[in-house]
Amino acid sequence: MATPASAPDTRALVADFVGYKLRQKGYVCGAGPGEGPAADPLHQAMRAAGDEFETRFRRTFSDLAAQLHVTPGSAQQRFTQVSDELFQGGPNWGRLVAFFVFGAALCAESVNKEMEPLVGQVQEWMVAYLETRLADWIHSSGGWPSAKLISRGKMGALIGSWDSCARKE
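The opening residue of the sequence shown carries number 0 in numbering that gives the first Met the number 0; numbering runs sequentially from there.
FYI, nobody ran anything at the bench for these hints, they're computed from the structure.
Each residue gets a CB set at the ideal place from its N, CA and C atoms; glycine is no exception.
It is possible that some hints are incorrect.
[Stated by the list, open to error] FRET-style restraints, in silico, Cβ to Cβ:
| # | residue 1 | residue 2 | range |
| --- | --- | --- | --- |
| 1 | Asp135 | Gly25 | 36 to 44 Å |
| 2 | Glu113 | His138 | 36 to 44 Å |
| 3 | Leu148 | Asp83 | 24 to 32 Å |
| 4 | Ala47 | Gly25 | 16 to 24 Å |
| 5 | Lys112 | Ser139 | 36 to 44 Å |
| 6 | Thr70 | Ala38 | 35 to 43 Å |
| 7 | Gly89 | Ala38 | 29 to 37 Å |
| 8 | Gly141 | Ala11 | 15 to 23 Å |
| 9 | Gln80 | Thr54 | 19 to 27 Å |
Based on the sequences and whatever the hints tell you, model everything.
Structure, rendered in structure tokens:
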């Protein structure tokens, strides 16, 4: 179960990552989360891990959000289905990075399809999923501070765990 102190960390991490990815795709202008270099080492690590993940798995993952044919009425169900399938083999940091990339891709697809109100909702679903379904694992794995290790030479091994998950599809 999440501790109350972890909720702001999770919320800030999700907002920063989604904002960063939306800006990369040219969807967001102006000041806000994800703009400029991340001051928080955790945010820096997650951004770098997400970029590496997208580079290495572009072909497998690139059009996933578009293939889901999301509508405002189906978005939450689709989000939960994909997230549950992603963690079906158990959580690890590589799958957690994939979860962040998927959530940001779903947000970008929502903007692309002129469903901007879904962006905030998807971010809320991401926070709720992390805080309810993954909080125990995150805590037992060292908490969010351990995620900073993702960008310190361990991404290859972590991505390998996504690779085995991706081959199941």
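Structure-based check of each hint:
In this structure, Asp135 and Gly25 meet the distance hint of 36 to 44 Å, their C-beta atoms being roughly 37 Å apart. Between Glu113 and His138 the C-beta distance comes to about 39 Å, which sits within the given range of 36 to 44 Å. In this structure the supplied range 24 to 32 Å holds for Leu148 paired with Asp83, their Cβ-Cβ distance being about 26 Å. Taking 16 to 24 Å as the suggested C-beta distance range, the pair Ala47 and Gly25 conforms, at roughly 20 Å.
A hinted range of 36 to 44 Å for the beta carbons of Lys112 and Ser139 is consistent with their spacing of about 38 Å. Distance hint check: the CB atoms of Thr70 and Ala38 are about 37 Å apart, consistent with the given range 35 to 43 Å. Checked against the hint of 29 to 37 Å, the pair Gly89 and Ala38 passes, with Cβ atoms roughly 32 Å apart. A hinted range of 15 to 23 Å holds for the C-beta pair Gly141 and Ala11, which are about 18 Å apart.
For the hinted restraint 19 to 27 Å between Gln80 and Thr54, the CB-CB distance of approximately 26 Å keeps it satisfied.
The structure agrees with every numbered hint stated previously.
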